[in-house]
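Student: So the chains spell out like this:
There are 2 protein chains.
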Amino acid sequence: MDQAIWATLRRNPFFGALPEELARQVVGGRGPTPFAKGQVLFLRGDRADGFQIVIDGWVKLVRQTPDGNDAVIALISAGESLAEAPVLLGGVHNVSAEAVSDGRVQRIDASRIIEAVKGDEKLAYAMLASASMRLRTLVDQVEDLKALDNTQRVARFLAGLVKRGERSARIELPYEKNLVAGRLGMTPESFSRALAKLRKLGVTVDRQIVTVDNVERLRGEI
Amino acid sequence: MDQAIWATLRRNPFFGALPEELARQVVGGRGPTPFAKGQVLFLRGDRADGFQIVIDGWVKLVRQTPDGNDAVIALISAGESLAEAPVLLGGVHNVSAEAVSDGRVQRIDASRIIEAVKGDEKLAYAMLASASMRLRTLVDQVEDLKALDNTQRVARFLAGLVKRGERSARIELPYEKNLVAGRLGMTPESFSRALAKLRKLGVTVDRQIVTVDNVERLRGEI
DNA sequence: CGACGAGTTGACGAAACTCAAGAGTCGTGG
DNA sequence: CCACGACTCTTGAGTTTCGTCAACTCGTCG
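Which chain is which? The protein sequence lines are E and B, in order.
Going by the working numbering, the first residue of the first sequence is number 8, and it counts up by one from there.
Going by the working numbering, the first residue of the second sequence is number 8, and it counts up by one from there.
Read the hints as simulated data drawn from the structure, not as lab findings.
Quantities reported herein were computed from a predicted structural model and do not represent experimental measurements.
C-beta: ideal position from N, C-alpha, C; glycine also.
There's no promise every hint is true.
What the hints assert, rightly or not - Examples of chain E residues toward chain B, derived with CB under 7 Å: (1) 92; (2) 95; (3) 139; (4) 144; (5) 150; (6) 153.
Unchecked claim - BS3-like, lysine-lysine: derived pairs with alpha carbons at most 27 Å apart: (7) E:125 / B:125; (8) E:170 / E:125; (9) E:170 / E:204; (10) B:129 / B:170; (11) E:129 / B:125; (12) B:207 / B:184; (13) B:170 / B:184; (14) B:184 / B:204; (15) B:129 / E:125; (16) E:184 / E:207; (17) B:129 / E:129; (18) E:184 / E:204.
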């Protein structure tokens with residue numbers, strides 16, 4: 008297997024916890040599956056018969072609402088995995104996954120994982136850690152949605168992209184503004200306006216690049 | 008230990024998965040701890056040195072925002088547990104817990120649980136199931152917040168309280184309207200107005216009792 | 001060059017929050 | 001038994017925020 012792919016897999020908390028040999032065994036001989044922008048990886052309600060680790064590109068987890076609007080639950084990038092919990096518990100997916108860029112995923116059979124987990128309780132911890140992390144980000148999202156207005160959400164989102172300890176920063180938005188807006192639960196127009204409001208706090212935007220003069224000032228606004 | 012308490016503990020997915028004897032061992036000789044309305048069980052940032060299962064009463068998980076607003080993340084009642092994930096992972100609480108009524112919790116040492124989990128990978132599954140369930144409710148919440156307006160959220164909340172298969176129902180709100188409003192991410196005033204709007208769909212409210220003439224009509228509104 | 005998509009900006013209306021006042025309920029104490 | 005205050009909930013009025021619709025800019029790509 009390609010070394011770069013392997014390195015990405017190992018960045019995943021689940022695979023990081025596996026001993027090298029066992030990890031290779033779990034993956035099996037299968038190579039990564041490419042996907043194209045717009046492709047649906049699975050739908051809500053599908054049986055979860057394996058989980059997938061993103062190698063390149065971006066995948067969004069969404070809930071479709073009856074009136075056609077998407078609620079973006081999470082955006083997944085390289086090294087992160089999709090649907091650990093339903094796989095292990097033998098359930099169905101409770102969100103849909105759709106590619107928002109071209110990329111690749113490594114698919115991994117449920118049965119192999121379950122077998123591996125049986126053999127090593129450290130893996131169970133790793134799964135828990137992974138689920139726990141997702142829990143945390145969801146809690147953050149719920150808090151944001153309930154307690155912050157659009158501008159504050161954008162400010163927090165930007166602040167979250169700044170590396171710890173930095174005073175000022177040049178941030179590259181990880182994906183299209185359209186998607187950022189969705190992830191933050193607002194329309195693209197509102198996102199644009201929120202950025203405009205943040206200009207007087209020393210935030211400037213050019214294309215995909217956002218520069219923040221003073222991160223503290225941004226944080227103070229939340 | 009009191010039989011009723013024990014029965015409540017066994018309703019918890021984690022404890023339901025434990026063999027009887029092991030469960031008793033994990034709990035130890037300790038009895039439940041009473042708490043009073045308004046009491047803080049733990050604060051965000053506290054070290055998580057054990058988890059707690061609610062025996063009676065209600066506990067809310069909240070995030071305080073800098074400007075004093077609470078975001079209610081979840082409301083926990085008898086049989087449900089607090090803070091499984093951070094305990095197992097040896098972390099800190101990422102939400103605060105505050106009692107919204109008098110009640111009792113059974114505290115359980117982290118070390119005992121970790122030991123038990125090491126001995127039996129089924130427990131890890133149980134924890135995962137528990138985390139997964141919480142994940143799902145959070146995903147639901149995120150979807151609701153992003154895609155539904157206040158009235159629709161109230162409608163969905165009420166519909167969720169109706170037992171499956173019932174056509175009309177008499178629902179007792181599980182806690183104060185104030186709290187319901189917070190849980191749904193709106194102000195008490197907005198909650199009240201939303202209920203008023205639902206009146207023309209056959210929803211009547213008296214005190215804590217809500218009656219729904221036709222559940223389908225309610226669901227159709229979402 | 002022209003078509004297209006992403007992003008921005010403006011105008012407008014709907015939805016929700018805030019502030020404020022009033023109704024109803026409950027417990028306490030006289 | 002009643003009066004009072006505390007509390008919850010409701011209702012009204014005014015304001016802000018946000019989404020929608022639409023026009024327009026700008027860069028990309030055929």
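Student: Against this structure, judge whether each hint is valid.
Tutor: Structure-based check of all given hints:
1. Contact between residue 92 of chain E and chain B, as hinted, is supported at the beta carbon level, the nearest pair being about 4 Å apart and thus within 7 Å.
2. Checking residue 95 of chain E against chain B by beta carbon gives a least distance of about 6 Å; that is within 7 Å, so the hint holds.
3. The beta carbon of residue 139 of chain E comes within 4 Å of a beta carbon in chain B, closer than 7 Å, and the hint placing it at the interface holds.
4. Among the interface hints, the one on residue 144 of chain E is violated; its C-beta lies about 9 Å from the nearest C-beta in chain B, farther than the 7 Å criterion.
5. Interface hint status for residue 150 of chain E: upheld, as the beta-carbon distance to the closest one in chain B is roughly 4 Å, under 7 Å.
6. Because the closest C-beta pair between residue 153 of chain E and chain B is about 4 Å apart, less than 7 Å, the hint holds.
7. A hinted pair counts as satisfied when its Cα atoms are at most 27 Å apart, and residue 125 of chain E with residue 125 of chain B qualifies at roughly 11 Å.
8. Of the pairs offered as hints, the one joining residue 170 of chain E and residue 125 of chain E is violated, with about 38 Å between alpha carbons and a cut-off of 27 Å exceeded.
9. Taking the CA atoms of residue 170 of chain E and residue 204 of chain E, the gap is about 23 Å. The hint holds against a cut of 27 Å.
10. In summary, the hint linking residue 129 of chain B to residue 170 of chain B is not supported, as the alpha carbons are separated by about 30 Å, beyond the 27 Å threshold.
11. Proposed proximity of residue 129 of chain E and residue 125 of chain B is supported: the alpha carbons are some 8 Å apart, at most 27 Å.
12. Simply put, residue 207 of chain B and residue 184 of chain B have alpha-carbon atoms about 20 Å apart, close enough for the 27 Å limit, and the pair holds.
13. Taking the CA atoms of residue 170 of chain B and residue 184 of chain B, the gap is about 20 Å. The hint holds against a cut of 27 Å.
14. Among the hinted pairs, residue 184 of chain B with residue 204 of chain B is consistent with the structure: their alpha-carbon atoms are about 16 Å apart, no more than 27 Å.
15. With a CA separation close to 9 Å, the supplied pair residue 129 of chain B and residue 125 of chain E stays within the 27 Å bound.
16. Taking the CA atoms of residue 184 of chain E and residue 207 of chain E, the gap is near 20 Å; set against the 27 Å cutoff, the hint holds.
17. Using a Cα cut-off of 27 Å, the hinted pair residue 129 of chain B and residue 129 of chain E holds, with the two alpha carbons roughly 13 Å apart.
18. Taking the CA atoms of residue 184 of chain E and residue 204 of chain E, the gap is near 16 Å; set against the 27 Å cutoff, the hint holds.
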